[in-house]
Amino acid sequence: MRPVDDQHGMEWDRCDRCREAMSAALDGEAAKDAAAEQAAVDAHLAGCPDCRAWQQDAAHVTAITRRARTGLATGGPDLVARVVDHAPGPRARWRGTAARAGLAAVGVAQATIGLVSLLGAVTHAHAMTDPLMVLGAGIAHATHESAAWNLALGVAFLAGALWSRHLAGLLPALGAFIAVLAVVSGLDLVAGRVDPARVATHLLLVAGFVLGLAVVRTVPRPGPGPTPGARWWRRDERGAPDGHAPAVADRWERESDVA
Amino acid sequence: MDDARITALALRARDGDRAAAGEFVAVTQQQVWRLLVHLADASVAEELAQETYERALGSLRRYRGDAPARSWLLSIARRVAADHLRRRARRPVSPATLAEDDRPLGHVSGADPAESVAVRHALAALDPDRREAFVLTQLLGLRYDEAASVAGCPIGTIRSRVARARADLVAALGEHPPSAERPHRSG
Ligand SMILES: [Zn+2]
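These protein sequences, in sequence, are chains A and B.
First residue of the first sequence? That's 1 in my numbering, and the numbers climb one at a time after it.
First residue of the second sequence? That's 1001 in my numbering, and the numbers climb one at a time after it.
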């Protein structure tokens, strides 16, 4: 035979869980297995007058607080005039739009340069004799590669202007590319290995990088797809005595895990 | 006021629309103030509500619309209240904060004013976590999942805290108070 205290404890625990289920039902927050829970509650209530009384009291208390809720729609201070100046000003909107438009224009220009040099490289490829092979690529192929890369960056700028949340991922690679290109362009200019006009076209990349930074900073506009760093909700291990899964929180966690 | 509209206002405000920012404040300020009355107290709720909006509007640029703007705002209000209570805990308590304030909260139409005072006293006596869960779900009308995201805890925790707050209120206000020998469970 079990000690009386344990029986009492188990009985109380069962009452506790029954009352928790009844409380959630009062709020229209049924559990996932609502039918099974309701059956357990009904079975417990049939044999527990304390919980039957509690159900009535809880409904009464809920009615009182609901009445309070409807009466609580007014009474607070009006803060609009005091705080509205802390909101982002109209310049925020203008800056964001301007940065996007600029990035799109840079994207078009960059893609055009890539396309033109690709066409030029293709038409000249047959005439070339390729006396020089560097790391397995002739000059013609190296030209194709750089043209394809220029075209791809133009497309990336255009896409970034439209879907800014993908832009942030491009910027580290682009920054590294610009840094290396700046060093080798400087060396080539000094040695006379490149036309200054050709180097000047690289300034488009710098413009795209700066505008990309501005777009990322000013308009983190939500759109389809995961958002890096979206985990503003954090799993709290303090609670959850009964292992209820936080469905909504799981969804947010999954989004940021994918990102 | 539905969440989708509040979120849309917040996004427009973030992009520099001051009129939308004003409307965002106007449609949310009662709930923010209400929450702060219960998480802190009525004497500082106005000041804390202002601080909440200053923080929220100042960081609006980083709001990405991942969570409903109302939950985002209420979780800022919750942090403002927690910071206030931490600051106050370091100071000696002045007698003014302990004084009874018997103004009814808001205009409780169709209800016995004495009843609302009784409710308020019973709420003030609750454990802070339970009171927070109860105020979010019952007085502000948030769903359990929304309250969980504001409080930063799992839904199951909100569910049990609301139930325990109800049990405490039944004991304080109910017509059949539970028998005295019941063990009181904390949690
Ligand atoms: Zn029972």
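Certain hints may be false.
Label-pair ranges, simulated between beta-carbon atoms [claimed, not checked]:
#1 A:Ala109 with B:Arg1062: 28 to 36 Å
#2 B:Arg1090 with A:Leu181: 20 to 28 Å
#3 B:Asp1127 with A:Ala53: 42 to 50 Å
#4 B:Asp1083 with A:Ala109: 48 to 56 Å
#5 A:Ala35 with B:Arg1087: 46 to 54 Å
#6 B:Asp1083 with A:Asp33: 34 to 42 Å
#7 B:Val1117 with A:Asp33: 37 to 45 Å
#8 B:Gly1058 with A:Ala43: 35 to 43 Å
Rough simulated footprint, nothing fancy, chain A against chain B, three-plus residues with beta-carbon under 8 Å [claimed, not checked]:
#9 1025-1033
#10 1050-1059
#11 1080-1090
#12 1153-1163
Treat the hints as calculated values from the structure; they're not laboratory data.
Note that the structure is a prediction, hence the values are computed from the model and not measured.
We put the CB at the ideal spot given by N, CA and C, even for glycine.
Now for the hints, and whether the structure bears them out:
1. A:Ala109 with B:Arg1062: 28 to 36 Å: 31 Å, holds
2. B:Arg1090 with A:Leu181: 20 to 28 Å: Violated, since B:Arg1090 and A:Leu181 (Cβ atoms, about 55 Å apart) do not stay within the stated range.
3. B:Asp1127 with A:Ala53: 42 to 50 Å: 23 Å Cβ-Cβ, so the 42 to 50 Å window is violated.
4. B:Asp1083 with A:Ala109: 48 to 56 Å: 50 Å, holds
5. A:Ala35 with B:Arg1087: 46 to 54 Å: Holds - the Cβ-Cβ distance for A:Ala35 and B:Arg1087, about 49 Å, lies within 46 to 54 Å.
6. B:Asp1083 with A:Asp33: 34 to 42 Å: 40 Å, holds
7. B:Val1117 with A:Asp33: 37 to 45 Å: Given a distance of about 40 Å, which is inside 37 to 45 Å, the answer is holds.
8. B:Gly1058 with A:Ala43: 35 to 43 Å: 54 Å, violated
9. 1025-1033: holds (count 6)
10. 1050-1059: Our answer is that it holds, as 5 residues pass the Cβ test (under 8 Å) against chain A, meeting three.
11. 1080-1090: violated (count 0)
12. 1153-1163: holds (count 10)
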